[in-house]
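Engineer: Please model the entire structure based on the sequences and the hints provided.
2 protein chains.
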Amino acid sequence: MSDPSSSGPSSSVAEAIAKAARTAFEQSQLVDVSERDLALRAIREVLEEKKDEVLKANKADMEAAEGLLSQGKLSKSLVSRLDLSRPGKFDAMLQGISDVASLPVPTGQVTFAKEIGPGLDLHRVTCPIGVLLVIFEARPEVVVNIAALAIKSGNAAILKGGKESLRTATILSQLIAEALSKTSIPPTFIQSVSTRSEISSLLAQDRYIDLVMPRGGNELVRSIQNNTRIPVMGHADGICAVYVDQSAVEEKALRVVVESKTDYMAACNAAETLLIHSSLLPTLWPKLASELMKNNVCLRCDPSTLSAIQDIPESSKFVTASTEEDYHTEFLGPTLAVKTVDNVNEAVKHINSHSSHHTDSIITEDEKSMSIWCKGLDSANCYVNASTRFADGTRYGLGTEVGISTGKTHARGPVGLDGLVIYKYMMRSRNDKGSTIADYEKGETRYTHKDLVKSEPPF
Amino acid sequence: MSDPSSSGPSSSVAEAIAKAARTAFEQSQLVDVSERDLALRAIREVLEEKKDEVLKANKADMEAAEGLLSQGKLSKSLVSRLDLSRPGKFDAMLQGISDVASLPVPTGQVTFAKEIGPGLDLHRVTCPIGVLLVIFEARPEVVVNIAALAIKSGNAAILKGGKESLRTATILSQLIAEALSKTSIPPTFIQSVSTRSEISSLLAQDRYIDLVMPRGGNELVRSIQNNTRIPVMGHADGICAVYVDQSAVEEKALRVVVESKTDYMAACNAAETLLIHSSLLPTLWPKLASELMKNNVCLRCDPSTLSAIQDIPESSKFVTASTEEDYHTEFLGPTLAVKTVDNVNEAVKHINSHSSHHTDSIITEDEKSMSIWCKGLDSANCYVNASTRFADGTRYGLGTEVGISTGKTHARGPVGLDGLVIYKYMMRSRNDKGSTIADYEKGETRYTHKDLVKSEPPF
Numbered sequence: 000m001s002d003p004s005s006s007g008p009s010s011s012v013a014e015a016i017a018k019a020a021r022t023a024f025e026q027s028q029l030v031d032v033s034e035r036d037l038a039l040r041a042i043r044e045v046l047e048e049k050k051d052e053v054l055k056a057n058k059a060d061m062e063a064a065e066g067l068l069s070q071g072k073l074s075k076s077l078v079s080r081l082d083l084s085r086p087g088k089f090d091a092m093l094q095g096i097s098d099v100a101s102l103p104v105p106t107g108q109v110t111f112a113k114e115i116g117p118g119l120d121l122h123r124v125t126c127p128i129g130v131l132l133v134i135f136e137a138r139p140e141v142v143v144n145i146a147a148l149a150i151k152s153g154n155a156a157i158l159k160g161g162k163e164s165l166r167t168a169t170i171l172s173q174l175i176a177e178a179l180s181k182t183s184i185p186p187t188f189i190q191s192v193s194t195r196s197e198i199s200s201l202l203a204q205d206r207y208i209d210l211v212m213p214r215g216g217n218e219l220v221r222s223i224q225n226n227t228r229i230p231v232m233g234h235a236d237g238i239c240a241v242y243v244d245q246s247a248v249e250e251k252a253l254r255v256v257v258e259s260k261t262d263y264m265a266a267c268n269a270a271e272t273l274l275i276h277s278s279l280l281p282t283l284w285p286k287l288a289s290e291l292m293k294n295n296v297c298l299r300c301d302p303s304t305l306s307a308i309q310d311i312p313e314s315s316k317f318v319t320a321s322t323e324e325d326y327h328t329e330f331l332g333p334t335l336a337v338k339t340v341d342n343v344n345e346a347v348k349h350i351n352s353h354s355s356h357h358t359d360s361i362i363t364e365d366e367k368s369m370s371i372w373c374k375g376l377d378s379a380n381c382y383v384n385a386s387t388r389f390a391d392g393t394r395y396g397l398g399t400e401v402g403i404s405t406g407k408t409h410a411r412g413p414v415g416l417d418g419l420v421i422y423k424y425m426m427r428s429r430n431d432k433g434s435t436i437a438d439y440e441k442g443e444t445r446y447t448h449k450d451l452v453k454s455e456p457p458f
Numbered sequence: 000m001s002d003p004s005s006s007g008p009s010s011s012v013a014e015a016i017a018k019a020a021r022t023a024f025e026q027s028q029l030v031d032v033s034e035r036d037l038a039l040r041a042i043r044e045v046l047e048e049k050k051d052e053v054l055k056a057n058k059a060d061m062e063a064a065e066g067l068l069s070q071g072k073l074s075k076s077l078v079s080r081l082d083l084s085r086p087g088k089f090d091a092m093l094q095g096i097s098d099v100a101s102l103p104v105p106t107g108q109v110t111f112a113k114e115i116g117p118g119l120d121l122h123r124v125t126c127p128i129g130v131l132l133v134i135f136e137a138r139p140e141v142v143v144n145i146a147a148l149a150i151k152s153g154n155a156a157i158l159k160g161g162k163e164s165l166r167t168a169t170i171l172s173q174l175i176a177e178a179l180s181k182t183s184i185p186p187t188f189i190q191s192v193s194t195r196s197e198i199s200s201l202l203a204q205d206r207y208i209d210l211v212m213p214r215g216g217n218e219l220v221r222s223i224q225n226n227t228r229i230p231v232m233g234h235a236d237g238i239c240a241v242y243v244d245q246s247a248v249e250e251k252a253l254r255v256v257v258e259s260k261t262d263y264m265a266a267c268n269a270a271e272t273l274l275i276h277s278s279l280l281p282t283l284w285p286k287l288a289s290e291l292m293k294n295n296v297c298l299r300c301d302p303s304t305l306s307a308i309q310d311i312p313e314s315s316k317f318v319t320a321s322t323e324e325d326y327h328t329e330f331l332g333p334t335l336a337v338k339t340v341d342n343v344n345e346a347v348k349h350i351n352s353h354s355s356h357h358t359d360s361i362i363t364e365d366e367k368s369m370s371i372w373c374k375g376l377d378s379a380n381c382y383v384n385a386s387t388r389f390a391d392g393t394r395y396g397l398g399t400e401v402g403i404s405t406g407k408t409h410a411r412g413p414v415g416l417d418g419l420v421i422y423k424y425m426m427r428s429r430n431d432k433g434s435t436i437a438d439y440e441k442g443e444t445r446y447t448h449k450d451l452v453k454s455e456p457p458f
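Protein sequence lines correspond, in order, to chains R and B.
Note that numbering that gives the first Met the number 0 gives residue 401 to position 402 of the first sequence, counting from 1, and the numbers run on in steps of one.
Note that numbering that gives the first Met the number 0 gives residue 94 to position 95 of the second sequence, counting from 1, and the numbers run on in steps of one.
Among these hints, one or two may not hold up.
Any copy, or any two copies together, can satisfy a pair, since identical chains are not distinguished.
To be verified - With a straight-line cut-off of 16 Å between C-alpha atoms, the simulated EDC-like cross-links for lysine to aspartate or glutamate are:
no., residue 1, residue 2
1, K441, D262
2, K49, D236
3, K49, E25
4, K441, E65
5, K432, E250
6, K75, E62
7, K316, E25
It is worth saying that the hints were derived from the structure and are not from the lab.
Structural biologist: Quick look at the structure:
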């Protein structure tokens, strides 16, 4: 691969945007943390005041989208997500700002404190990451939501929403900048870009941008990972599984499997694979299959699960033989891949090699199976007798959610404000002569490495 | 850039290595944590027993290196770092294994525990990242050191050392595998590769490898970042600065500046830039400059600092005018870039835009300057009146160090065992019917989100 530093027509614009974000971030570090909540309040007030302008822009986006919908170029669900004029939607967006403001501040927390030696203290203190580049779908309220999270955590952000929401996103960004200009947070703390070419130029700005967060499918995440040196916290596929173990209680299995599959099929935490313990093929499995077919779920079955249900009348309509590819597929719709396994270890092995390490649930009464499941699975969320649909920042009580990370570093699973911080070490010498390592390594001073109470940060 | 999936001659070998590492990692997750220490002990025993074989291979590496040294193709310091037969070196390597074994286990720690609702508990538990690819310099003992850290933290690892240490690294890897084959940890848990082409093929194995850790210069880190989708925890440049503020105490300034620059000039935590408050130009600065020149440090000065010391006799030998590039340079030798600033804010601004965000120290008695320094600097280690040379995992009391990360995500600054873990969420329902979100969102059950005592993990 070649170096991603590009020199296309938009690269100088991208550099200017990224540099402005970095400067805004650096300036904001000396602003008192309480100003972040004042900024959030100012944004809420401006948006309330200019509601009509926002809805007017949104109407234009909606009209364009409906035109494309009638030509079959957009999906109905996309158009519906665009609409800010639906009852309660705008107010919910405003309330979201206040909700974020009321969360605990994630920065300035001491996570490690040691006396290195006499008069020499070391604190590890949480701080913002820096400049975020967030790429998301055509949902205009996400502009406001991400802006609020970035401000609360002290990170500057560059936002890019789906192109169908461009008019709404643009006015929302302008109003956010207008609100910030009345506060101590620089107005360029939150910026928006509108075109894909700007994104590709921004991906070369690793000098100024610290983290890229693509919210979207696997393809978007991989394409970004292929084109930047900047760390990527991506939300890729959600290929989640439920495994019904030998000791499963029927009612638990029925309730959890049916909800995990059918509650919201386009969600990343919906089940796409069902694993059945071989002992259940003649007993629980046909009941479960009937229940799924009642919910119009098509079953792609391996030979054993297929033959166990072929006498059920509905099966001719809903059941087909599976292919290997089905077990790697995020259907996002009414299709479920089904497979027989002989024990929990085999289930874990299948999931580790086929899933997207997102969320998987076991139905079992056996403590040993639970333990093998939770220890052996390499997934962000390992559940016992609970629906995969619980995998969500709000349901976890994290307050709000930046996204669900399928990565293995920094933050994993539902990411709250905590996932938007890193830390720095602060060391202060109170010795008359300052502190050198020679005092310790060539002199008389001894390293104590004594734990200190983790209280307030030193500065 | 093109997709990094390669199909060169070594790509199938690389895939086999990466897959074997992944399988070893997955198998090891069900092995009791205490077995990790037994494996470390077994490695120590085998290495003790086979010391002669190791030293024989090392002798061959040394002879080849000395040949290259005499042709001027290798540096003396590289050859000296290769040598495992120096007094105490081999024993120190063995002791390192025992030291790692005695550290607290970083996995299985509960970092968040909540009751989601009645009978439904959620725990966030630290766990290994998975498979690490570690690339390091030609220091054979690092093979053993990294293997010990990987085993202790439960991560499988693929190692690649500098080519000059190949014979020693190969035998060490074989002995580690031999030791592991007598334990419950799979022998492919630690593997070595020997060529650069294997590395580039391994960088395409993002399906199996979770984190790349290049220990080396900026160029190595950037080249790896350009060629992989796998997250990179790199140790890039160390462009560290000391700033002498208006209120600095002379003795502190002299001691800290001189040590930061001269103690070990090739270290990443050595100072490369010195910032002087303008009020000190006629007073403290000439004394400091004399002291640095006594230590044979060449000073690259801006006009103000240059004119303030041009009457010192030694200056004709040691002082030259600086260029902008000097302030971006990691000299790794007896050269220091010097610049005047008018206040701490200007110093912070200079460092944020010129440094590598590694370690910077202020010399001051002023609390406000300290606060601006520690809050405003975007560096991993922000010091007050202390030498930059303290930036080190052992000096921090982290027990041992994987490296020093100059990144902004996952882990920053000196990285100990804690930097080799991530977490997973474990959720368990104890309800008679299992748990669904419908119970909460369409039924009578209420989310409680009550904090639980963070004790043992549930499994």
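Engineer: So, for every hint listed, does it hold in this structure?
Structural biologist: Going down the list of hints, with the structure as the test:
Taking the shortest Cα distances, K441 and D262 sit within 16 Å of each other only across copies (11 Å), while inside one copy they are farther apart (67 Å). For the identical chains of this complex, K49 and D236 are neighbours neither inside a copy (37 Å) nor across copies (48 Å), given an alpha-carbon limit of 16 Å. With identical chains, the CA atoms of K49 and E25 are never at most 16 Å apart, being 30 Å at best within one copy and 54 Å at best between copies. With identical chains, the CA atoms of K441 and E65 are never at most 16 Å apart, being 76 Å at best within one copy and 32 Å at best between copies.
Taking identical chains as interchangeable, the C-alpha atoms of K432 and E250 lie at most 16 Å apart only when they sit on different chains, with a minimum of 6 Å there against 72 Å within one chain. In the homo-oligomer, the alpha carbons of K75 and E62 lie at most 16 Å apart inside one protomer (13 Å), although the nearest pairing across protomers, at 72 Å, exceeds that limit. Proximity of K316 and E25 under a CA criterion of 16 Å is satisfied in neither setting, with 61 Å inside one chain copy and 39 Å between copies.
The earlier numbered hints that this structure contradicts are 2, 3, 4, 7.
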